[in-house]
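Visitor: One letter stands for each residue in the lines below.
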Amino acid sequence: MSGQSVTLVEAVRLAALQEMRRDPTVWVMGEDVARGGLYGQYKDFLPEFGEERVVSTPISESTIMGAGLGAALVGTRPIIEMRIFDFVMCAMDELVNQIAKIRYMFGGQAKPSVVVRMPHGIWRNSAAQHSQMLESWFVHLPGVIVVTPSTPADAAGLLVSAIRSDDPVLFFDPKNLFPLTGEVASVIEPIPFGKARLAREGRDLTIVSWSAIMPAVEQAAATLAGEGIAADVIDLRTLWPWDQEAVLASVRKTGRLLVVQEAVSVAGFGAEVVSTVVETLGPARVKAARRLGAPRIPIPFSPPLEDAVKVTPAKIVAAAKAAMG
Amino acid sequence: MQPTHNVQRLLDLYRTMSRIRAFETAALTAHKEGVVPGPLHVSIGQEGVAAGVCLNLTTEDRITSNHRGHGHAIAKGAGIQGMMRELFGREGGHCRGKGGSMHIADFSVGMLGANGVVSGGIPIAVGAAQGLKMKRSSAIAVCFFGDGAINRGPFLEGLNWAALYTLPVLFVCEDNGVSAFTATESVTAGPGVIARAESLGVPGVTVDGNDVMAVDEAAARLAAEVRAGKGPRLLHAKTFRITGHTSTDAAAWRDPASVEAAKKRCPIDRLAVLLGERGVAAADLAAVRSAAEAEMAAAVLDAKGAPWPDEAIAYDDVQDVGAVAYAGVSA
Ligand SMILES: Cc1ncc(C[n+]2csc(CCOP(=O)(O)OP(=O)(O)O)c2C)c(N)n1
Chain C
1 MSGQSVTLVE AVRLAALQEM RRDPTVWVMG EDVARGGLYG QYKDFLPEFG EERVVSTPIS
61 ESTIMGAGLG AALVGTRPII EMRIFDFVMC AMDELVNQIA KIRYMFGGQA KPSVVVRMPH
121 GIWRNSAAQH SQMLESWFVH LPGVIVVTPS TPADAAGLLV SAIRSDDPVL FFDPKNLFPL
181 TGEVASVIEP IPFGKARLAR EGRDLTIVSW SAIMPAVEQA AATLAGEGIA ADVIDLRTLW
241 PWDQEAVLAS VRKTGRLLVV QEAVSVAGFG AEVVSTVVET LGPARVKAAR RLGAPRIPIP
301 FSPPLEDAVK VTPAKIVAAA KAAMG
Chain A
1 MQPTHNVQRL LDLYRTMSRI RAFETAALTA HKEGVVPGPL HVSIGQEGVA AGVCLNLTTE
61 DRITSNHRGH GHAIAKGAGI QGMMRELFGR EGGHCRGKGG SMHIADFSVG MLGANGVVSG
121 GIPIAVGAAQ GLKMKRSSAI AVCFFGDGAI NRGPFLEGLN WAALYTLPVL FVCEDNGVSA
181 FTATESVTAG PGVIARAESL GVPGVTVDGN DVMAVDEAAA RLAAEVRAGK GPRLLHAKTF
241 RITGHTSTDA AAWRDPASVE AAKKRCPIDR LAVLLGERGV AAADLAAVRS AAEAEMAAAV
301 LDAKGAPWPD EAIAYDDVQD VGAVAYAGVS A
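The listed protein sequences derive, respectively, from chains C and A. For the first sequence, UniProt numbering assigns the number 1 to the initial residue and increments by one for each residue that follows. For the second sequence, UniProt numbering assigns the number 1 to the initial residue and increments by one for each residue that follows.
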């Protein structure tokens, strides 16, 4: 099917639209969704699907989350819109103690088929309560799938999979990349969870990343190529499950690993990637294994302070060179 | 009219509202010029609530606020230069450029902070009241929040708690009819905030928030009751936000007729009419407004010229033990 070039936010809109047309049990709830959502990701949904399936809720995150679970338990497939990632903290009990536990605790009687959408990441000087990247918290949480796309096509395909999934899916929309354009097929096929995308092929170094920082990684990889360092660039796309095979195969080839994350480096997902690689291949076969991420400070407001925290292409280039030894 | 409403008190209210309006108008212009980064939530049209409530507070009293907190901060006496510099993200901002518009705080005047999380300030005010009571302070805590906040748990939990422990807290619901972009009425069950408060044993009063004298009068009475140890009270002030949700929202979704009608009920213009009737010359009122505008223009000029914070301070204020040090790397 011929595709079209659209923005990332339009791509996820088309994916949700397709699935809501396909399956009448899919619906969306959250603040301001009836008027199209904060970013236009549900634009024109209300006229087509009506108020029963496009539910603008009160500002009530814990009830939005808990009610989403309840609705899933009776066989519907809610998309739970958290508006901005940071507000998921207002619904943490419902997410962690209820959604993530219910299938296991009740011996498999329930499959909570919810998609929790949480636009995350640093966002234009929005300061500490509107710019967090805490995806690693949720990888630590058994019972959920963690999705972190970076391109329009991946976001669309992964959202289709998320909506069709019987497992609860935590879908991290990269909000800073919503304007990014790319090709999206006219029929959006599901992209399986746990399959990475090879964004660039090289032999010298493996760079692993995900979500909103990917464009900076690709830019850095291009710079490195110009200087004779050819990097394999792997976009994980989902952090649980994650494509260990793709990363291991690449590091077997290159012998060097750099994980780049927008999030705080300490106890971030990069640590998981590094230790998995070293554990599996053995230290002797890994010449370098490094992480690059934000320092362990909240995201400040002022532009130069925010810039100081941000992972930039230049910082990635420097870290890659350090990994080359 | 209250006997306390002598011309001087009315002029005080007029000055505070004019300063809030001038501050936010200047901030909006600067935001459009691209020199105020990030989201900016202004409260144009709502000034009467902040001014009327805070005139009844002392520096020792504490307030908490929401994402739309400039007016509350100014009315509580926060330094303008520190506020403007904070909006610009410059050195000398009240929060050293780390917070911005949505997180202005000036503890030196009892302003315990604006908040980016709807309802976030409510439990904080409750706890402040409990702490003040424990310290045998005569000060009270005042909590400003929007009508959208009453649908979150912290509102119900906070009121329950404050009533249970007879805490000195005045809850102020600034009801502009909308929760971001959605009509609050369309997502709120039952008769609303007063009924909810009263169901928890917190007496409430509804006033026209655009009538600053009515706000002042009600706040004076309620604050006195709170100060007297009678427990929490709730002031429900009905108002209207003339501008959009954020500075980048042109509010095209708003019914233009309602905006026009609200402009006619502008709390500042209404008070000007009243002051005129009480013999204050139009020129004197114009002087108050232009002094406010000049003050804010000077603050903008100052903020534009202020240095950016040094990168190293991004690493300050995180925590005492276990903080990471600035390594001086930047790219
Ligand atoms: C817990 C939480 N949920 C959602 C948001 C996003 N948000 C910011 S302001 C706002 C509307 C708040 O409505 P109200 O309290 O009535 O204040 P108004 O903006 O109308 O003045 C929303 C939903 C938030 N900041 N915090």
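A portion of the hints provided could be inaccurate.
What the hints assert, rightly or not - So, partial list: chain A residues that the calculated Cβ filter (under 8 Å) puts toward chain C:
no.	residue
1	R152
2	L156
3	V187
4	G190
5	A220
Quick caveat, the hints were computed from the structure, so don't treat them as lab data. The beta carbon of each residue, even a glycine, is placed where N, CA and C say it ideally should be.
Visitor: Compare the structure with each hint and give your call.
Guide: Going down the list of hints, with the structure as the test:
no.: 1; hint: R152; verdict: 6 Å, holds
no.: 2; hint: L156; verdict: 11 Å, violated
no.: 3; hint: V187; verdict: 4 Å, holds
no.: 4; hint: G190; verdict: 12 Å, violated
no.: 5; hint: A220; verdict: 31 Å, violated
Violated hints, listed in ascending order, are 2, 4, 5; each of the other numbered hints is respected by the structure.
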